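Take the given structure of chain Y and dock chain X to it, following the hints.
Protein sequences, first through last, are from chains Y and X.
Here the first sequence stands for residues 1 to 303, numbered as in my numbering.
Here the second sequence stands for residues 1 to 170, numbered as in my numbering.
Hints are not guaranteed to be accurate.
Subject to a maximum C-alpha distance of 25 Å in a straight line, what follows is the list of computed SDA-like cross-link-like pairs (lysine to any residue) [stated by the list, open to error]: (1) X:K138 x X:L46; (2) X:K148 x Y:L5; (3) Y:K153 x Y:P288; (4) X:K148 x Y:E14; (5) X:K138 x Y:E14; (6) Y:K119 x Y:Q158; (7) X:K138 x Y:R10; (8) X:K138 x Y:E6.
The set of hints was computed from the structure by calculation and includes no laboratory data.
These numbers were taken from a predicted model, which means no experiment stands behind them.
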Amino acid sequence: MSSDLELQLRAEMEHFTAPVRLPHGLVVRAYRRQRRGRITTWTAAAAGTAAVASAVAMVAVGAAPATSTNGQQTPTAAYLAHRVGVALDAADAADDILYIHATDNSDNEWFYQAGQDSKSRAEYYNVDHQWVEAEGIGTPQESVVISVNYATKTWYRQENRPRPRPLAHRNFPPSPTTSSCRQMVPFYMGETPTQLEAGIREALGCGQLLMAGPEQVGGVAAIKLVPSRARLRATGMVTPPTTLWVSSSSYLPVRWQSDGPVATHTVYDISWLPPTAANLAGLTVTVPPGFRRVTAPTHAPKP
Amino acid sequence: MAPNPGVAGLEEFLAERGTHLLRTAVLLTGSQEAGEDLLQTALERLFRHWRKLAGTDPEGYLRRTIYHLATDGWRRQGRWQARLRLLRATDIGVVPDVSAVIDQRDELVRLLLQLPAGQRAAIVLRYWEELGEAEAAKVLGCSVGTVKSATSRGLRRLRELSRASLAADI
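Isolated chain Y (complex conformation) (with noise of 0.2 Å):
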């Protein structure tokens, strides 16, 4: 090293690098995201592409792994809801963010982002694709709003504002006789990983989705679960059928449509972002400078 724009770089590294602290946790949070590519790659490769492939052409809601004449394990609707159990198992274990995309057939275009601890963010933006707002909700014990709209250039905080509807009772595994199973289970943008979860696990477990056949959706191969039109009737239809589609390698959900009563349906793109410091920061929701506080509306909107 020899010039003094040398000797600047190297002072200014020091200097630049001063602050910074090895966090805690980022050796477990490594540690936990490798184990889970461990675990769904074992998964993969213990289903067999070849197997979930012939198994998604039957209709078999419900039932046991079957054993076929060859003494091989016949995938079923139950054993898909295994597996999905499994890959989400690994994704709660591995803290993941889920990461929603979702757009609906009127232009609207939502992005929402939920971690393990309630917290979450939601973007929204109008048919003009112009960015609305951006809202933070803290945990069930302690909501704290922050909305920030941007077509007006205002924000506000609310405390204690109630949080979306939460699923109902969930029972895992799930029985077809018991009482939350007696409803459709419905999907909403809102929902923590949790949430979701539970969601997805009693609707497969109930029978309200079958296996319809492979697709691919955003080039990735998966699996097709339709509602139950047997399940729909017994309903009476409550609630808006939902199109779930699994990762045929994965097994973990990577799209759900929800078809409303008159032609509208909303298509919800899902990702698991690693529970990483820049993934994490996207969960925070801040205020550009210039932008005036407003009263936080005193009507909550229902739960």
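Just chain X now, with coordinates in the frame of chain Y:
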């Protein structure tokens, strides 16, 4: 508490050397958050190959992995990560990352981020880690000549950028 008995030693090692590795990752990426992501990804790879690496120097493996990831554009992986970056890009102009707030004393480090990843890695190895050309080449898995040229071009570009920045301030 260590994740399992097999990696207990790694936590001790990181307690001692982790901050230095993270500072390196921060220099390669430009922010604490991105640096943590980089180090975490390198650690995941270390765990994946932990058995094979038993008895070897974890720092050497981690350092090589960090530099390889940084020069391979690891953050471009994953379509949802790209989506998130696009979303955050709208934030950057209004609420900057606290760790990215750089005063004038860090101007060269800021300019360092404008260099291609290979030149940046060579400069960090030579002037932050203070490694010789041969050692730097070993870490990057390239020839000594490549390190020499990357360092030379990087420094030349830094001078140009620094002069341009100075002229703009005046």
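Hints and how they fare:
With a CA separation close to 18 Å, the supplied pair K138 (chain X) and L46 (chain X) stays within the 25 Å bound. With a C-alpha separation of about 17 Å, the suggested pairing of K148 (chain X) with L5 (chain Y) holds against the 25 Å cut-off. Taking the CA atoms of K153 (chain Y) and P288 (chain Y), the gap is about 9 Å. The hint holds against a cut of 25 Å. Restraint check: the Cα-Cα separation between K148 (chain X) and E14 (chain Y) comes to about 23 Å, which is no more than 25 Å; the hinted pair holds.
Restraint check: the Cα-Cα separation between K138 (chain X) and E14 (chain Y) comes to about 24 Å, which is no more than 25 Å; the hinted pair holds. Of the pairs offered as hints, the one joining K119 (chain Y) and Q158 (chain Y) holds, with about 15 Å between alpha carbons and a cut-off of 25 Å not exceeded. Pair hint K138 (chain X) plus R10 (chain Y) holds up; C-alpha atoms about 21 Å apart against a cutoff of 25 Å. This hinted pair checks out: K138 (chain X) and E6 (chain Y) have alpha carbons roughly 22 Å apart, not beyond 25 Å.
In summary, the structure agrees with every hint in the numbered list given earlier.
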